[in-house]
Amino acid sequence: VSDQKPLGCWSVKHGQIITCPVICNFETHEYIAVHDDKVLRIWKDKDINLDKVFKATLSADVYRIHSLPSGGPVVLFKGGGVRTLDVLLEDPQQEIENVISDEVIKWSEAFVEGQQPILIFTTEKDGDVFVYVQKLKMDSLHKYKLEQQELSKPLSFTAYIKNQIITLLCLYSSDSVYKILIPLQQNTEEEEQILSKSLLLNLSVSGSVLKGTSFVVLDKDHVAVLGSLTASGKESKECLTIWNTKFQTLQASKELPLGTSGQLWCYEEKFFLTHGKVLTVIMYKCETSSLAAAVGKLKDSQTPEVSSFVDWNTLGDEELVVSLQSQQSVALKSESKMTLRSKKNTVAKVQPDTLSVGQLLLNLKDASTTAFENELRQLMSKAQKPDLQAMIGCVITALINRCKTNPKYYPQKFLLQIIQTRDLSYSLCPDLMSVALEKKDVHLLQVCLQRFPDIPEEITYACLKVFLSISEAYLQRTDVNLESVICYIDVEFNNKEVKMEIVENGFDAELEEDIWDTKITKETHQTADGEFCPVGPQKAALLNAVVYSAYSETFLLPHLKNLPAQHAVLFLRYLYYLYVKCSEKINTTLPGTCSPTINQIMDWMCLLLDAHFTVMVMLPEAKELLSNLHKFVRAQVRFYSELNKIEGSLQELQRLNHQKDSQMYSIEVLELI
54 VSDQKPLGCW SVKHGQIITC PVICNFETHE YIAVHDDKVL RIWKDKDINL DKVFKATLSA
114 DVYRIHSLPS GGPVVLFKGG GVRTLDVLLE DPQQEIENVI SDEVIKWSEA FVEGQQPILI
174 FTTEKDGDVF VYVQKLKMDS LHKYKLEQQE LSKPLSFTAY IKNQIITLLC LYSSDSVYKI
234 LIPLQQNTEE EEQILSKSLL LNLSVSGSVL KGTSFVVLDK DHVAVLGSLT ASGKESKECL
294 TIWNTKFQTL QASKELPLGT SGQLWCYEEK FFLTHGKVLT VIMYKCETSS LAAAVGKLKD
354 SQTPEVSSFV DWNTLGDEEL VVSLQSQQSV ALKSESKMTL RSKKNTVAKV QPDTLSVGQL
414 LLNLKDASTT AFENELRQLM SKAQKPDLQA MIGCVITALI NRCKTNPKYY PQKFLLQIIQ
474 TRDLSYSLCP DLMSVALEKK DVHLLQVCLQ RFPDIPEEIT YACLKVFLSI SEAYLQRTDV
534 NLESVICYID VEFNNKEVKM EIVENGFDAE LEEDIWDTKI TKETHQTADG EFCPVGPQKA
594 ALLNAVVYSA YSETFLLPHL KNLPAQHAVL FLRYLYYLYV KCSEKINTTL PGTCSPTINQ
654 IMDWMCLLLD AHFTVMVMLP EAKELLSNLH KFVRAQVRFY SELNKIEGSL QELQRLNHQK
714 DSQMYSIEVL ELI
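Quick note, our numbering runs 53 ahead of the 1-based positions in the sequence shown.
Since the hints were derived computationally from the structure, they do not count as laboratory data. Note that the structure is predicted; figures quoted are calculated from it, not measured. Take these hints with a grain of salt, some might be off.
[Claimed, not checked] Calculated cross-link-like contacts (lysine-lysine; reagent style DSSO-like; alpha-carbon spacing at most 30 Å):
{"id": "1", "residue 1": "250", "residue 2": "264"}
{"id": "2", "residue 1": "493", "residue 2": "461"}
{"id": "3", "residue 1": "492", "residue 2": "287"}
{"id": "4", "residue 1": "457", "residue 2": "518"}
{"id": "5", "residue 1": "97", "residue 2": "196"}
{"id": "6", "residue 1": "131", "residue 2": "264"}
{"id": "7", "residue 1": "190", "residue 2": "206"}
{"id": "8", "residue 1": "287", "residue 2": "206"}
{"id": "9", "residue 1": "338", "residue 2": "250"}
{"id": "10", "residue 1": "273", "residue 2": "188"}
{"id": "11", "residue 1": "178", "residue 2": "196"}
{"id": "12", "residue 1": "131", "residue 2": "159"}
{"id": "13", "residue 1": "323", "residue 2": "159"}
[Said to hold, decoys possible] Using C-beta positions, here's what the derived DEER-type ranges look like:
{"id": "14", "residue 1": "150", "residue 2": "105", "range": "49 to 55 Å"}
{"id": "15", "residue 1": "318", "residue 2": "289", "range": "33 to 39 Å"}
{"id": "16", "residue 1": "180", "residue 2": "289", "range": "25 to 31 Å"}
{"id": "17", "residue 1": "289", "residue 2": "506", "range": "34 to 40 Å"}
{"id": "18", "residue 1": "109", "residue 2": "666", "range": "49 to 55 Å"}
{"id": "19", "residue 1": "321", "residue 2": "217", "range": "21 to 27 Å"}
Just so you know, even glycine gets a beta-carbon here, dropped at the ideal spot from N, CA and C.
All chains, please: the whole structure from these sequences, using the hints.
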C-alpha cells in the first residue's frame with residue numbers, strides 16, 4: 054500500500070463478472086474467486102492468466118465464500134446450502150440442497166468455535182428476517198425468526214461467538230443497534246424459534262443522529278459505525294464513529310468529507326474503509342471502559358458530539374484533524390484515550406501508574422523541558438512489546454506538538470535517537486518530517502528517508518528541493534551521515550567559525566544568509582580516481598537518501614515538474630556521475646551503506662528527463678550533459694550488443710567446462726573464432 058504498486062492483477066474475460074468477493078485460502082496460499090455465479094477459479098501468485106488456472110463449474114449459484122484460519126474455505130450457496138471447498142472439489146457437479154424457500158440471503162459470516170466451523174447467515178422474505186446457524190462437522194442446521202421491529206428494517210449485521218453463545222448485532226433504519234443472543238447448544242427440535250432482541254445503542258447524541266450504513270464490533274463495550282451524522286438545520290456529514298455501548302456515549306468521530314462506499318472492515322485492530330478514491334487504514338486501540346472516561350470525556354470536549362475517544366492522528370486534549378493525502382493510501386495511528394480525568398475536589402487522586410498515555414502526556418503539557426523528556430524516555434522504556442511502536446509514535450507526536458507551540462524548542466538529538474533505534478514509519482509520526490523541513494534539519498531528513506518505507510511523494514520532493522537549495526558551505530558545517538559516499542568521494546572538512554543562535558536542546562539555527570544558494574555552485578569535488586563529482590560529499594549523501602527512498606512514479610512525476618530548471622540540471626549531473634561510477638564496477642554496485650542501486654539511479658534519471666525534457670533541450674548548460682549522457686548510453690548499448698553476439702559461445706564453454714573433470718589445478722586456453 055505504501056509503495057502504491059500492485060503486486061498482482063488478474064482479470065476475467067470481457068462479459069464475465071466476478072460475483073462474490075475473492076478470498077485467500079490460508080492453508081494453501083491460493084486465491085479463490087467465483088464469476089458468473091457458478092464458475093470457480095483457483096490460482097496462486099505466480100499465475101498470470103485466469104483462463105489457464107483451475108476451473109470448476111458448479112451446479113448451483115454461490116452467494117459467498119468464507120475463509121477460515123483453520124479447516125479451509127466454506128462455500129455458501131444462494132439456496133442456503135453449505136459445503137467446505139474440499140468436499141465441493143471432489144465432485145463440483147454434486148447436487149446442492151435448497152434450504153431456503155423464496156428467501157434472499159442478506160448477510161453471512163463464518164467462525165471457528167472449538168475447532169468446529171460454524172456458519173451464520175440471515176435471510177429476508179416479505180419483511181420477515183430469518184437467521185440460520187449451520188454447524189458443518191455435525192451437519193446440523195437451526196432456523197430462527199427475528200422479532201419484528203415496527204416501522205424499521207435491518208440494514209447491517211455483525212456477530213461474534215463467546216462461551217458457546219452467538220451475539221448477533223443488528224443495525225436498524227431507526228438509528229439503533231439491537232443485540233440478539235443465540236446459544237449454540239440447542240436441545241429443542243423446533244423448526245423455527247422466535248429470537249427476541251434487546252436495545253444495545255441509540256445512535257444519537259446532543260441533537261445529532263447517525264444514519265449508519267455499516268458497523269463492526271471492537272470489543273465487548275465498543276462498536277464502530279460508519280454513516281452520516283445529521284443535525285437539525287445542518288448538512289449531513291459522513292463520519293466514522295466509535296460508541297461506548299456500556300454507557301451509551303459517542304466516544305469519537307472522524308469526518309470523511311470525500312465520501313465513502315458505505316462499507317467498513319476491521320482486522321487486527323485496524324479499520325479499513327474507502328475515503329474518496331483512496332483506501333484509508335486506521336489503527337486503533339481500546340482501553341478498559343469506565344464511566345469517568347465515557348462521561349468525563351464528553352464533558353471536557355469542546356464539541357461533545359465528536360469527543361475524541363480515539364485521537365485520529367496525535368495525542369492532545371482536543372480532536373486533531375488528519376490530513377488525508379490524496380496521492381497515496383493513508384496509514385493513521387489512532388491511540389485510545391479513555392482517561393480518568395483528575396480534577397479539583399475529586400474523591401481520590403489517580404495514581405500515575407493507572408494513567409493512560411493520553412492523560413500522562415496531557416499532564417506533561419506544561420512541564421519543563423528536562424522533566425518532559427525524562428518522562429517520555431520512561432514511558433518508552435515501560436511500553437510492552439505489542440504496543441511499543443504505537444507508544445513511540447505518540448511520544449514523537451508529543452515532542453512535535455511542543456515544537457509547534459515553542460518555536461525555540463527542537464529536540465534533534467532525542468528525535469534522532471528514537472528514529473535510529475526503532476522501526477518506525479511516516480504514518481506513525483506524519484508531522485515529524487514537516488517540522489524537520491521547517492527547521493532545515495537535513496540530518497534528520499536523511500535518516501527518515503533511509504528508514505521510513507511510506508513517505509508521501511510530496512514530502513520526498515520537498516526534501517529533494519531543500520537538499521539542492523542549501524549551499525555547500527552551510528552543509529560542510531552540518532552533521533550528515535557520509536557512509537553512502539565516503540568510499541568514492543574524497544571527504545575534506547573546512548573548519549570555519551560560524552555565528553550560531555543557541556536554542557533549547559542544543560539545536561543550532563544558522564543566522565547567516567548563505568544557507569540558500571542564490572545560484573547553482575560551479576564548484577566540483579574530485580573523487581579518488583580523478584573524476585569530478587558535481588556536488589560536495591554532504592550534498593551527495595543527502596541526494597543518495599532521496600534516490601534510495603521508496604516512491605511511486607505516478608505520484609512523484611507531477612511534483613518533479615515543479616523543480617527549478619537549474620536544480621534539475623544539477624541533480625541530473627549528479628545522477629549521471631553515479632551512473633558512470635556504477636558502470637565501472639563489475640557488479641554495477643556502489644560501495645557504502647544505503648547507496649543507490651543502478652536501477653534506482655536509472656529510474657530517477659528517466660523521471661527527471663520525463664519531467665524536464667523540453668527545458669533540458671533548450672538550456673545551453675544542459676546541452677553538453679545530454680550529449681555526454683547520450684554517448685555513454687549508446688556506448689553501453691553497443692557493448693551489450695557485442696556481448697549478446699558471443700552469448701551462445703559463452704554458454705557452450707560453460708557446458709564444456711561442466712563435462713570435463715578438471716584436476717585441482719589446471720590452465721586452459723580457449724580461443725573464440
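Against the structure, the hints:
1. 250 with 264: Within the cut-off at roughly 20 Å; holds.
2. 493 with 461: This hinted pair holds, its Cα atoms lying about 14 Å apart.
3. 492 with 287: The hint is violated at about 41 Å.
4. 457 with 518: Measuring from Cα to Cα gives roughly 23 Å; hence the hint holds.
5. 97 with 196: violated (37 Å)
6. 131 with 264: Given pair residue 131, residue 264 holds - Cα atoms ~29 Å apart, limit 30 Å.
7. 190 with 206: violated (33 Å)
8. 287 with 206: Holds: residue 287 and residue 206 sit about 25 Å apart, inside 30 Å.
9. 338 with 250: At roughly 29 Å apart (the allowed maximum being 30 Å), residue 250 and residue 338 satisfy the hint.
10. 273 with 188: holds (24 Å)
11. 178 with 196: Judged against 30 Å, a Cα distance of about 14 Å means the pair holds.
12. 131 with 159: holds (10 Å)
13. 323 with 159: holds (25 Å)
14. 150 with 105: 49 to 55 Å: Between residue 150 and residue 105, where Cβ atoms are some 33 Å apart, the hint is violated.
15. 318 with 289: 33 to 39 Å: violated (23 Å)
16. 180 with 289: 25 to 31 Å: holds (27 Å)
17. 289 with 506: 34 to 40 Å: holds (37 Å)
18. 109 with 666: 49 to 55 Å: The hinted range 49 to 55 Å holds for residue 109 and residue 666, with Cβ atoms some 51 Å apart.
19. 321 with 217: 21 to 27 Å: About 25 Å separates the Cβ atoms of residue 321 and residue 217, which means 21 to 27 Å holds.
When the structure is compared with the earlier hints, violations turn up for hints 3, 5, 7, 14 and 15 and for no others.
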